[in-house]
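Chains as they are written, first to last, in numbering that gives the first Met the number 0: chain D, 0 to 679; chain X, 0 to 282.
Incorrect hints may have been included.
One side of the interface only, derived from the structure: several residues of chain D facing chain X at Cβ under 10 angstroms [what the hints assert, rightly or not]:
{"no.": "1", "residue": "447"}
{"no.": "2", "residue": "457"}
{"no.": "3", "residue": "459"}
{"no.": "4", "residue": "524"}
Calculated from the structure, these hints are not laboratory results.
We put the CB at the ideal spot given by N, CA and C, even for glycine.
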Amino acid sequence: MADALLDIQGLSLRYATANGSVTALDDVSLAIPRGGAMGLVGESGSGKSSMLLAMLGLLGKGAAVTADAARFDGQDLLKVAASLRGRRIGTVFQDPSAALNPALTIGVQVAEPLTLHRGMNWREAMERAEGLLAETGIHDPAAVLKAYPHQLSGGMKQRAVIAQALGCEPDLLLLDEPTTALDVTVEAQILDLLDALRARRGISLLLVSHNLGIVDRICDDLTVLYAGRVVEQGPCARVLAGPRHPYARGLMAAMPVISHAKQRLTSIEGNLPDLTVVDPGCNFAPRCPFAVPSCAEPQALAGEGDHRVRCHRAAQTATLPWPEQKNEAPASTEATPERRPLLEARGMSRRFAGHGGLWRSLDWRGGWPKLAPRKSVVAVDDVTIEVRSGEVLGLVGESGSGKSTLGRLLLRLVPADAGQLEFGGTEVPLRPSSAFCQQAQIIFQNPDSALNPHHTVQEVLKRPLELFGIAKGAAVGAEIDRLLDLVRLPRSYRTRYPHQMSGGEKQRIGIARALAGRPRFVVCDEAVSALDVSVQAAVLNLLSDLRAQFGLSYLFISHDIGVIAHISDRIAVMYRGAIVQQGEAAQVLRGPHHPYTASLLSAVPVVGSARSQADNRIRLAENPMAAPGEKGCSFASRCPQQLGNLCRTQVPAQRRLSNGVMMACHLPDAQLETVALGLS
Amino acid sequence: MTAVAQKRRRRHVPLILVAGAAIVVVMVLLGLIGPWIAPYDPTMFAVRSRMQPPSGLHWFGTDEFGRDVLSRILAGGYYSLAMGFGATAISLVIGVPLGLIAAFYRGWVDDVIMRIIDLMISLPPILVGLLILAVTSPGLGKTIVAVGLVYVPIMTRLTRSVALSVLAQDFIEAAAARREKTVYILWREVLPNVWPTIIVEASLRITFAILLGSALSFLGLGPQPPASEWGLMIAESRPFLDRAPWIGLAPGLCLCVLLVAVNFVGEGLRDLLDPRMQGRGHG
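Extracted from the complex, chain D is given alone in its bound form:
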């Protein structure tokens, strides 16, 4: 591309490590025209972030970057990267909380690069900062200027980070998973903002993401990286409509999509190759279902026009269906006609006290200091919920909505302030028996934190077996083998420590531990959220199989409504501690929707429907803190359909709609029907 702003040809990156030289990037080429947007996708470890760091010249010692050509606006990028970054190349990283210094005001942080790079004095810089914050859609920039990061919501923080990056009017913005740490409704707003910035400023974007929906929404072109190599590259719409490389196809098929709920997901077996060994042939071949011996030959990125694929069999395999994976347990639970409630919770509530301990805080605002009453936060507010036997109840909501607390309340891991809990028809006391704990278990989000780094797999699995009296002595070994078989890990893994396993493998051990006591009910707390798409698909499939095999019930907690739609029989939508809607999955997804459910559904970026969807999106006001003493509907302050006084002052009661869905909303039935349409 002649007039490309950024043109990188044949970039390679090697790290020297104790185990030898690691080839993190191998002959990567990409070009972004002025005003263009390129998406960079691939699983973790594929080299996405290394690519950004190489472009910024931020790689440490021991990293060797070579390139046939790396030009940014005619200059040699590898030589001048240090002088370009912050000036002509802006960067936005994943976690805005980590990107902002908690001890400085937003104003100082946005203004600082202006004083450094543009020679402004602080007064000018602050004025400019205010303008920048306004440009990123912050309503009260003057107030935000003086705020500290902890006073802002995640979305506001990310806007401030974007304002910071925009300060020096960069030509190119590098975005490293800019919305991954945000809620889906906030993510939608940030994506809107990026779109607007591109249109208004003609800025170019390089977006690194694992979420193909986001890439489709923002980008013109797409580059798929696998283990440091570009495997497919081309215009976004064409690549996503018809991915040709088996890896790209696998990635697409592994995503749970709301409109195809309940279908079995495709997972890509295996792990990334060992990057210390450069495979001259196709490095995806060991995991590829279409691999043939000739894949060991070197492959070139080839293809007609601008859609290029690094696979010599792309033309042949494109029409072949993805081979069926062995499905050890046929899902046949659909047939179960009547399901009795296994777990019933009524009026569950839980508040968390603010900071305190022995000492209460002194409050000297207004006159004499006085002992302030401890502030408490309502995490779960009068929730009534039931999980039937053999059923998956999906619990969806944004972060901070109390999903995880509710899950722990149901296991009695967190004592409830109020409410009753029944399990299998008997009341569960606040300090439950060991028998209850055996029957009700939990799977965690973060596989690194879920396993004790000092315990081997064997020790992890042995403990619940002995504790719950499942097996003793020699029988323990056989039982551990059985558990490892169940979660499809080799039996040799019993001697491994957590650091010797990949994220997906660790998560499987977490599942095996939860299943060791042969439970009937399992809380899956964001159990797949920390995993790569392809690994997530495999774990979701595993959870479905185990449920079919043992008739398990899950409370499946997730912020990702795609995952929820995929696995759930019934769905409950939670907002600020209250269940706003619950019912059969299909009914909840089809509508009528609670206004919050509708906004959640419309905010999900979906591959293929990107452009049209953007216009129909329901835009929510940014998460304002509820005014103190407010007693009304928790969603009222953000609700586009708000009815005024009624919504603000009265908590809506749960009522049953004609399709059996429970709804907590003041809107009359007829009006609910018109609340934005979901996806069916």
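On the provided structure of chain D, position chain X as indicated by the hints.
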């Protein structure tokens, strides 16, 4: 590839652990049998051979009373080693459980424990030692206890802060979901993750304890002259530092070797106990 992985997965003992442990063992043995292998009587005055530099007769020279420095080091090693290891052991035995309990229960238990600890920290260590020893008669055992108590707050705070971050992890909640007993959670789930940090700290404490112990001795509250405790020897050598530096240097060197060796053991143990340091296994 697999052969390499196999080799790496086996637990290998860090070299510094072996080296450090060897030195420590030799020093402890010498400390135990020292009085019997000393070439001279460590308390025998020899006015005519005062302050002799190191020679074939007196390897480490003689002191201001003509006593053989080597003999005094050998005879006094027992005191110093007992002080270092004993006091550290006491601070561990009291401090670590307190820290674990404070971190586990939080709330008022934490507040009470930590305020008492703050109180202990706010007093100068020598003063605390003096206080404890003032109400009793001097003696090695009591000095060890006093020094051990002085180091309890450090162990408690360190244990608590590391334990807090461990207790926030999901595997603790997994244990709670099995209704594990508190003792199990603290002993089997938390402690293995806290040990590495504590061990390194403890290995430093051993040398500090020897020095604090000798400071107390110097103040007349530990083993008394003519006992040849190392710290006491260093303290007593001060006036002669310009004329006969070997009197203080020799015990100082011993202390130094012990310090380095104990730290080697500490770091080696930390690596040995951390499964992550044992290399990654593949396939």
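Outcome of the hint check:
no.: 1; hint: 447; in the structure: 9 angstroms, holds
no.: 2; hint: 457; in the structure: 13 angstroms, violated
no.: 3; hint: 459; in the structure: 8 angstroms, holds
no.: 4; hint: 524; in the structure: 9 angstroms, holds
Checked against the numbered hints given earlier, this structure breaks only hint 2.
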